[in-house]
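Chemist: Combine both chains into one complex, guided by the hints.
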Amino acid sequence: MSLSEYSTKDLSDWDEKICEIARSYGLDWFDINYEICDYYEMIGHMSYHGMPSHYNHWSYGKTFERTHLNYNMGQSGLPYEMIINSNPSIAYLMMQNPLYLQVLIMAHCVGHSDFFKNNRCFKDTDPDHVVSRMRNAKKRIQGYIEDPSIGQEKVESFLDSLHAIKYQTNRYGIPRQTRDEIKAQEIKRFNTYKKKGLLLDYDDLETRRLLKPDHDMLSFFTEYYPDKFSNWQLDLLEIVKQDSWYFMPQIQTKILNEGWASFWHYKILHDLKLPDSLHLPFLKMHNAVVRPHLGGVNPYHVGFYIFQKMEREHGLERCFEIRSNHDDVAALRMLLDEEDFRELNFFAYENKKDGSAVVTEVTDHDDWKTVRNEMIIKTGINMIPHIYVDRVDTDGTLVLKHEHDGRDLDLDYADKVMDHVRAMWDKEVKLFTIIEEEVWEI
Amino acid sequence: MSVFKNHKTVADRSATDRRRHKEKIDKAIKEGIHDIVAEESIIGQDGKKKIKIPVRGIKEYQFIYGVGSGTKGVGSAQGQDVQKGQVVRKAKQKGKGKGEPDKPGNNAGEDYYDVEVSLDELAKYLFDDLNLPELAKKQNNTVTSERIKRKGYRSKGINARLSKKETLKNKIRRKNQAIKNGTFDPDSGERFPFHEDDLKYKHIEVTKKPITNAVIFMIMDVSGSMTKRKKFLARSFFFLLYQFIRFKYQNIDLVFISHTTTAKETNEDDFFKKASSGGTYISSGLEKAEQIIQERYSPSSWNIYTFHCSDGENWSEDNPKALEKMRNLVNISQLAGYIQIKRSQEKIWGDEMAKIFEPLISEKFKVINIRDKKDIWPQFSKLFGGKYELI
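Respectively, the protein sequence lines represent chains A and B. Note that this note's numbering numbers the first sequence so that position 357 is 357, with each residue one more than the last. Note that this note's numbering numbers the second sequence so that position 94 is 94, with each residue one more than the last.
Extracted from the complex, chain B is given alone in its bound form (with noise of 0.2 Å):
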């Protein structure tokens, strides 16, 4: 009469589409980033860390009624003796979810989802199209590094790798099922063993990237004139420039350098969490970077990157010099910035550091102006050759 016959599976025939909604997710997740890039509750801290981001999910819009107030709906009682003025729902509480278990069902479900990603992968997608420039050229190609890495489960492995864990879910999974289909009873007291198709295990996936000499040098000034607000914004740039570096190359090497009218080289710790005060000499950084490359990275087979950021003001008897040391610095460097804080209707005395480095710029020399939080991410990618627009 009927016809039976055992699926045939052919490829996993939603793929292609899951593949599109994640792209389209990751899209969203990327333009929800920016805007937390600069929120103080990610600087200074580690890689685990989790953030929260919303993400508003990719909704298919129609033509729909409103659920406001006002709108009415239709529920059955179940057998319940239910009086007209009865609160069938109550109030939503705020700062809580909803959770009531007697709700009448019409809420059409909100599309929100609240990914939470680890600094590590939040630098995933805010890093992934963005390169320093010119790396290669000075890359030792016959070394490389081996990098091992978790990637997901297998159904197949060896016993060393067996994830307890991920069996376990299986298993309850499907012991759940079997309850929900009346094929096993909780009660009966029975055991509900194992199954092969439970088993999961780790797998590793070994990826190799060539070492690469390299040394980033972060100038920060750290002067009086820097109010918090402008070391917050030169912290949050610097902070993204670790991520990126740490994200994307190995065997980097970072020179911190905080100065006033003295510059001293820093750990990473003091770099972004000590203040300072006092007079600025723009040029005791940069005399600073040059001293240290000339001690321990010599430009012929180290690549040289150099950034500096200050509010833009220097007491100008020093700015020939901080001119002459900046030229020196990008002479030897694949790629110097200067990055000025500062908002457009600011006054400062005499010519800002912008304006004095304007000679300079080149392929190889970018200045670039932060005003506010907003600023941050655009300008950072533009450094690096991101496709951001400013919108």
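Chain A extracted, bound-state conformation (with noise of 0.2 Å):
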């Protein structure tokens, strides 16, 4: 059964009905709008993320050609619903889908749409107008590609080099201060220390641009130090600081996000009353979805697990209040306990030299914490690095410190990153991490 054999009127009646169930739960989600299209469409829209309109890169390119090829060759089927953060959510039906398929898309969409619109991490994301933000972005870069006085290549690396740190941005969304808060901080600071009769020298407050260490690596480069950018390069700045910004609170709640979703589509369908012919092939595909991965950790499979239990432990409000207030490593940490450990049947291993992989802790009573603390360290934001500017040198050189958590940077990686930042930085560039316990200058 494909699209030839229902039709949109089928879609959208089925859709009314999911709409009315979701409501009468309390769920609050953006008008959706859904876009049919084939798998070949589908593939083009994955490689930008389900944005409508996006930037070019050749790396989208790169995403694209590697997932048609995985199809092709048979290895992965394609996801089957793609939805985006906007108001109104655009998501994805692809037409070969059967009709079962379609109906759990949907309803998992609302679960997606709900959370984008409620959940804490992504009210600062401007769902009402990323869309034309990016077409905007787009139009502007593909006018810098076409401008005779800077064109193609000058563009495409300094992209390659944002793209680099891209994620080198304001980790949990605090909120920036400005160098005149920070200076007026230090004032303080320095007072209590001329108490205590130590004296700092002033006169450096007003001449330093950066007075204490950044967190943020894209906007130090466009507050502290514009002067060293041309306009377009300072757009294009706040363009990848803008995408990662709009795309973090997505990695920070992978596991929640969808075991929301997951939590809904099942909750839902069930609610459906569905005949059996749409039921059962509905019950396999659900399964699938949130099976553990052996080996690894599927967030379908966590995510709803968490809101299965919290339902069941603390009632349909608290799932509520964890889908508006938690991020995934909240909940790792504080709504899962030995005993969940224990049924999610998680190990932590060691990666040894010869490539193999040994057990070091399961889920026991000893153990189970470290199995929890190693998961959680491979969770949202803290999959990824930590680098941040720690100073400016009075000769221009830039320093950058890893703040590090015990887990050594992959070297080569690092190596190719910096010289992405030495192409942005006229003077010295230097990196601070510890590789096998011993400080290491890059």
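No wet-lab data here; the hints were simulated from the structure. All values derive from a computational prediction rather than experimental measurement. You can take every hint at face value.
Here are the simulated lysine-lysine pairs, DSS-like style, with alpha carbons at most 30 Å apart:
(1) B:K22 / B:K164
(2) B:K180 / A:K17
(3) B:K180 / A:K284
(4) A:K241 / A:K166
(5) B:K24 / A:K416
(6) A:K228 / B:K59
(7) B:K90 / A:K353
(8) A:K123 / A:K212
(9) B:K180 / A:K273
(10) A:K267 / A:K309
(11) B:K24 / A:K154
(12) B:K59 / A:K166
(13) A:K166 / B:K22
(14) B:K374 / A:K416
(15) B:K355 / B:K374
(16) B:K59 / A:K401
(17) A:K353 / B:K59
(18) B:K5 / A:K9
(19) A:K123 / A:K309
(20) A:K427 / A:K228
(21) B:K24 / A:K138
(22) A:K378 / A:K254
(23) B:K364 / B:K382
(24) A:K166 / A:K183
(25) A:K369 / A:K254
(26) A:K401 / A:K212
Examples of chain B residues lying across from chain A (beta carbon under 8 Å, computed):
(27) V82
(28) G85
(29) V88
(30) R89
Yeah, the Cβ is synthetic: ideal placement off N, Cα and C, and Gly gets one too.
Modeler: Given below as structure tokens:
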């Protein structure tokens, strides 16, 4: 059964029922626009994270090729659903999908859209304007490419550099302090020192641009050293930063977001009282989606588990609180106990020199917390090493530091990223990290 | 409630980015190719032979954590009982891929394309922007030859060009997807029929090329002083030249001459494979070329290209004659080249040929020196106006 065997009318009839049930539970989501497309267009949209318009860069072409290749070789199917955080939300339905799958996807999308609209992490993503903002960014970048004084090569290589550090920006959504605010704080600090008889250099506060370490590298460049960049470069910096800020919450809430959407498609499809011909394939598909991945972590599995448990033990209201206030790290830390970890049956392993992996901890009484903590540092923003601007020396040297949490950087990659940073900075650039317990300078 | 609309198929949205990506890969292949142009294994092969070139994928670098020894990961045991100390991923076998079903999935996939290209494709990568100089001069503009080439597949076509293989592949693809989606049960015994969209037809393209009257002389010194290594370098160079001509031009005559103190015309097989020994009269090879030109290739209607490869050593009594003969050849050739294969610290008797030929150097006569394998491509490229620069 494919789109030839059901009509758009069928879809909208099912949608109406889905929405009615969802509303009765108190879900509150953006209107959803469903685009019906074929697999080729689906891969096209996937390559740009589902954004209907996004600036061009060769890396998206690479993503397309890889997805297309894997699909053609049968190594992977396509994700059945894709929805973006915008108002209205835009979701894609592949026309080859059978009806039961479309129904499942639509219910799933309602869950996602509700999550986007209500979860705290997304509050600054500006879903009302993201689509037009990205369309405008694309136009501007196209303009720079066509500008004979700039051109493709320059735009592309600057974007290459920016992509290398695109996640080295505001990690936790903390409001950014202006230089004046920092200065006021510093003066306060200086004065307390003064009372203790220590004299600090006030002049320095006037002349030095960066007064304390900056944990948002992208903002650091635009705010403290705009004179090092031309206008089009500053614009690109801003565009990439906006992109990162927009996508970061999705990285932080992968487990909860997918869990919430799965939790709701499961509930809604039960309430829909589907005929057996749709219900059985639905159950089969649902089980495939939330099954644990052997040797890995399936966010659908963990997220679905969390919300089911919360509903069972604390009621639906608690679930709504979690979807509003938590991110993945908080959820793993606060909502799951020893019993849950035993149930989920996770284990920690260590990679050995010869390429093998050996189990180091299982979820027993002694070790379940170790397993949990290992999981937490592999979750959300913790997957991305934290590099920050420590200072700019008087000779102009840019000094970066890595907030080392016990995990060493991949040096090959770090070297290459540093080449990109050096391409952006006209003086020396240094990065300090720790490799095998020794301070390491790149 | 929600809005449904059929997606308006606009232009293929990722086309631009795919093109840029492909250009980057092409560049990476080109860069990788120069290292292998002088590999033993490709010399003397025909165009169909496939060569594997490892091309580093175009990576996107970011700060990431290492995944090497000592790093940790977490995984689900999925209903199995896992014990401390249990090996969940076996050690990598040497020379074998991973292919381990129960490996923890944390390997940051290495982007490495093992691109398999045929010599013909290799030639395309190498020779695209190189040209024989001034070939247009003596063209018979009116005469063209047609060349029919297969070029991809189309969804429309005549029955005779139906590609059964591609059509079947499409059907299988569609079937697998249907099974995955649960719309088709392979065990039901039901037939999974072909669909019109599955059909693929071979597409052919006719290209026209002007016929050129050109002849290339490849003259190689095979005397005793040409060690095995030097002969190999000379052959590599000529092989490259040969592939270049074959790729770029149709209806070009090739003349192979190998010489010691005497010269003889050989076929390409002997030229590339046969060893010889003895003394050296550079002039003998040149004289032979001159003689063949007089007999078969009148300079008034033929474009003539002459390339001579030797180790720079000549019996000194032959030097004046060699210079004289080379001068004659330069005069009637569009381009002549002398390729000397010699390490810079190598001592030879008397003056080396590169020096003897120096007075002839001009637009039409180039002298190049090849010290080792690394030089072959840059020097070759330089000879034919490539933009390749020595690194």
